[in-house]
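Asks: Produce the entire structure from the sequences given, and follow the hints as far as they go.
Chains as they are written, first to last, in my numbering: chain A, 1 to 398; chain B, 1001 to 1434.
No lab work stands behind these hints, which were simulated from the structure alone. Among the hints, erroneous ones may be present.
[To be verified] Now the in silico label distances, taken between C-beta atoms and shown as ranges:
1) A/Glu195 with B/Ala1374: 29 to 37 Å
2) A/Asp161 with B/Lys1338: 24 to 32 Å
3) B/Asp1258 with A/Glu214: 26 to 34 Å
4) A/Glu214 with B/Asp1044: 34 to 42 Å
5) A/Arg172 with B/Glu1389: 36 to 44 Å
6) A/Glu171 with B/Lys1285: 29 to 37 Å
7) B/Ser1034 with A/Gly306: 53 to 61 Å
8) B/Gly1218 with A/Arg131: 26 to 34 Å
9) A/Ala198 with B/Lys1285: 32 to 40 Å
10) A/Phe118 with B/Glu1382: 52 to 60 Å
11) B/Leu1063 with A/Glu171: 51 to 59 Å
We treat Cβ as the ideally placed atom computed from N, Cα and C, and that holds for glycine.
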Amino acid sequence: MLTTRRSFLIGGLAVTAAVPLSSRAVRAAAAFGGADERVLVVLQLGGGNDALNTVVPHRQDAYYKSRPTLALARSALHRLDDDFGLHPSLGGLAPLFAEGRAALVHGVGYPKPDRSHFRSMEIWHTADPVRPPGSRGWLGRIADELAERAPGSLPALHVGDGDLPLALRAERSFTPTVRGAEGLALRANAAASGETRAALLDRAASSEPRRELEFLRSAARTTYRAAERMSALAAKRSAVVYPNSKLGERLGLIAKLVAGGFGTRVFHVELAGFDTHSRQAPVHAALLAELGDALSAFQRDLEAQGVGRRVVTLVFSEFGRRVEENGSKGTDHGAAAPVLVCGGNVRPGLHGTPPDLERLVDGDVPFTTDFRGLYASLERDWLGVERTTDVTPVPLFA
Amino acid sequence: MRHPLLEPWKPTRAEPWDRAAAAHLLRRAGFGASPTSLVRAVEDGPERTLERLFAPEGHAPELHDGITSLLASGNHELLQAWWMALLLANGDPLGERVTLFWHDHFATSIAKVDDVRLMHRQNSLLRAHGLGDFRKLLHAMAKDPAMLVWLDGNQNRRGHPNENFAREVLELFALGIGHYDERDIQEAARAFTGWGTDGREFAFHRDHHDDGPKTVFGKTGRHDGDAVIELVLAHPECPRFVARRLIEEFVAVEVGRDVIAALGAELVARDWSIAATLRTLLGSKLFFARDARRARIAGPVELVVGIALALELEIAPREAAALAARMGQALFRPPSVKGWDGGRTWINAGTWLERVNAGLAVAESFENGERTLAGLAHAPAEAAEQALERLFGGDADPELAGIVRSAAARRDSPRAAFAHAVAAITSAPEYHLA
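Replies: Below is the structure:
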C-alpha cells in the first residue's frame, strides 16, 4: 500500500501521520461530497454598482446627456454588441464574452425597487421582496437541502471577512466563514499538538455518555478533517497567476477547493465599495479592474484545471445607480441593473430587454427581468435543487 | 405543592457541595468563576452562594456609566466592548447572565435598528427588569423604541396593519406556536397600530391607531396595545412559556410538562417575580442533578468570559467581544428575531476552529511570556495541575486529566507546561460543555 508521512494539519503543526494516501483521498471525497458536482459561486458587488458605467449603452444620447462628467467614451469601451460595451477596466472579461463563456441579463430587479442598501440586499438575499426576512437566505435554503442529501458535508462556504451574509443563513446546516487564502486552519502554534487532539477525540465513550459530548467530538473530527483537506488544497499552487487583490485571493482559494474536489457546492464572496456618491470615476474604475482581472483569472484557472464546465459564477449588486449623475461627480441609488453569469454551459451573450434611457421610471431604469427568475434557473437547471420561489425560471443555460 | 424536582437540593455524602457542584452553579448562574470566587463558594455553601448571586456587589459605577460618553460615537463595537467589560469585571454575574438571556429572548439587532443609543437603552431596560416582574418586562419591551424599529411599529397603521410585532409577541416572546391563531395575530396587530417612535422615544400616534373592536383569544373589545399585552399575560400558556424558557436556558435537560407547569405556577404565585422563580430553579434538585451538569454547549460569550475569569486574563473587552462574534455571537447583533438558536447550532467547522484557535492563542500568550499567571507553580507538573484546577474546577475525569498531563509533560518550564495544558484543555470537547 502506498503510504506517505504527511502533516496532519498544516500550519506549523508538528504531527505527521503515516496514512495510506489513496484511500484517504477517496474517503475524504466521499465525506465531503462528490468531485464532479456543479458549483455556484455568488459574487456580490456591495454598495450598488453603477450599471450604466459597467455595461455602457453607448448608442443612446441620453446616456451622454445625463452624465456630463462620468460618461465613458465609446472608443474606450470593450465591445459587447452594436449597442453596448464594457467599462474600459473590464478588459479581463472581454475575452469571456468574445469566446462565448459569459452572459449578461439586462434590467434585472424586482417590483417596487427599494433604495435602501440594507433592505434591497435583504431582498436579494432572501429572494423575497415582500415579507420581512426570516432567518434563512436563498443560498442557506439550498445548503439545507444539499446537507440533507449529504449529511456531514459542507455544502456552502462564505469566503470573506464580514458577518455571514443573510443569503447563506441556513436552518439545518452550517456555513462556515473562510477568511483568508489559507482556508480553514488551526492556529500555527507550538502548544498545539495533533497527538493531543487525537487523544482527546479518540477516547472511549466516557462512563457517563453524554449526547452533547458525542456531538462535539464528531463535529471536531469533521472540522479537523475539513481543515486538513482545505489546508492541503489551499497550499497548492494556482494554475494561473491571480491579480494581487483580496478578490483574486478569495477566488483563487475557491478554484483550488473546486478543482481539489472539496465538495462545497455554493460559495459566496463579496467585493464591496460600490457606493460611489462622489468622485466616482477613479474608484469605480479601480473596483471594476479588481473584479474583471480576478474573475478572468478565476475562469482561466478553472478551465486550466478542467473544471470550467462545473462552475457558474453569478455577479450581482443590490441595485444599480440613477441614470443622471449627481452634483458631486457621483451617482445615487437606483434600481434595476444587468447581472453577469459566466462559466458552465451558460447561454452566452446579452439577454433580456436592453435599457432604454428615454423610458425611465422615477429617473431609473425599470426592471424587466425578475432576479428570482435567475435564481430559479440556477436552482432548477444548474444545481438541480428545489426552487426557492415560484417565479418562472429565466433560461440561462444551454 | 411544589414539584419534587423543584424542591431545594440538599448536599449529601453521595452528592456533596464540592468544587464541581459550585462550579456548575457559577457556570450556569454566571459565566464561570475565578479561582478565588470558586473557593469562596465552596466555603460558603449553596445557600449563601445563591444569596450572593441574587444580591451581588454590583458593577463599579465608572465601568457601568462609562458608555455614556462613548454613545455619541455611534460605534457599535464600543457598545459591545462596554457590555463585555461588565461581563469580564464580573460584578453582577447573575444579573448579566439574565440580561444576556433576555437579549436572546427579545432578540433585537443593531443591523436593522442602526442606532447604538437605542440598543444601549434596550440593554439597560433588560438589565433593570431582567430579574423583576415579567409583566413589567413585557410591557416595557412592547414600548421599547429599539423593538419598535426592529419589528416595524412605525409601519403599523390603521387600515394597513404590519403584523410583525404582534406575531413575535405571541410566537416568540410570550406564548409559542399552537396557542393562538392567525386571526389573533391580525387582531392584535390592529391593537398595536399607532405604536411607534418619535425621535428616540416611544410615541402613540393616535391618528394611526385603529380603535375599533377586536377579538383576541375570543375576547372582544376596543383593545389597545396595553390591553393585548394584558390578554397575553392572562393566557394560561404565558407563565408556562416563561418557565420553559428558564428551564431550557438554566437547566438544559429535557423535563416533563408537569415540571414546566409547576415552575409556571410558581412564577404566578410569586407575583411574576423572575428572581424568585429563578431562585427556586437554581436551588432545585433538578438543577443540581448529575445529568444536568455539563449538559449544554457553552455559547461563545460564556466561553470567552469563562476562560478569562478562570485564568484571570488581562484581555481587552473589545477583543473579547470580537472573539465571541467570530465564534457566532456578536452582542447586539443576534441573527434574527429568534435570537441565537444556541445548543448544537453554535458549532460548525468555522466556529469550532475559532474556539480551538482562541484557546491556542491564550496558551501561546502564556508560553511566550506575553501573559503570566500569578502564583504559577515552580514545577512543570504542578503548573499543569493549576491549569486543570482553574479551567475544569477539578472535575475533569481521570482519563481526560491524564491526556492533559501528558500534553504538559516533558516541558522544561512551568510556563510551557501550563501553556500546553491550557491548549489541551481548551481543545477538549468537554471544556465546551457548561
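Asks: Are the hints correct? Go through all of them and say.
Replies: Hint check:
The hinted window of 29 to 37 Å between A/Glu195 and B/Ala1374 holds, with their beta carbons roughly 30 Å apart. At roughly 25 Å, the beta carbons of A/Asp161 and B/Lys1338 sit within the given window of 24 to 32 Å. About 29 Å separates the C-beta atoms of B/Asp1258 and A/Glu214, a value consistent with the hinted range of 26 to 34 Å. A hinted range of 34 to 42 Å holds for the C-beta pair A/Glu214 and B/Asp1044, which are about 35 Å apart.
For the pair A/Arg172 and B/Glu1389, the supplied restraint of 36 to 44 Å holds, since their beta-carbon distance comes to about 39 Å. Taking the beta carbon of each, A/Glu171 and B/Lys1285 are about 35 Å apart, inside 29 to 37 Å as hinted. In this structure, B/Ser1034 and A/Gly306 meet the distance hint of 53 to 61 Å, their C-beta atoms being roughly 58 Å apart. The supplied range of 26 to 34 Å is met by B/Gly1218 and A/Arg131, whose beta-carbon atoms lie about 28 Å from each other.
Separation of A/Ala198 from B/Lys1285 is about 39 Å and conforms to the stated range, judged on CB atoms against 32 to 40 Å. The supplied range of 52 to 60 Å is met by A/Phe118 and B/Glu1382, whose beta-carbon atoms lie about 55 Å from each other. Separation of B/Leu1063 from A/Glu171 is about 38 Å and departs from the stated range, judged on CB atoms against 51 to 59 Å.
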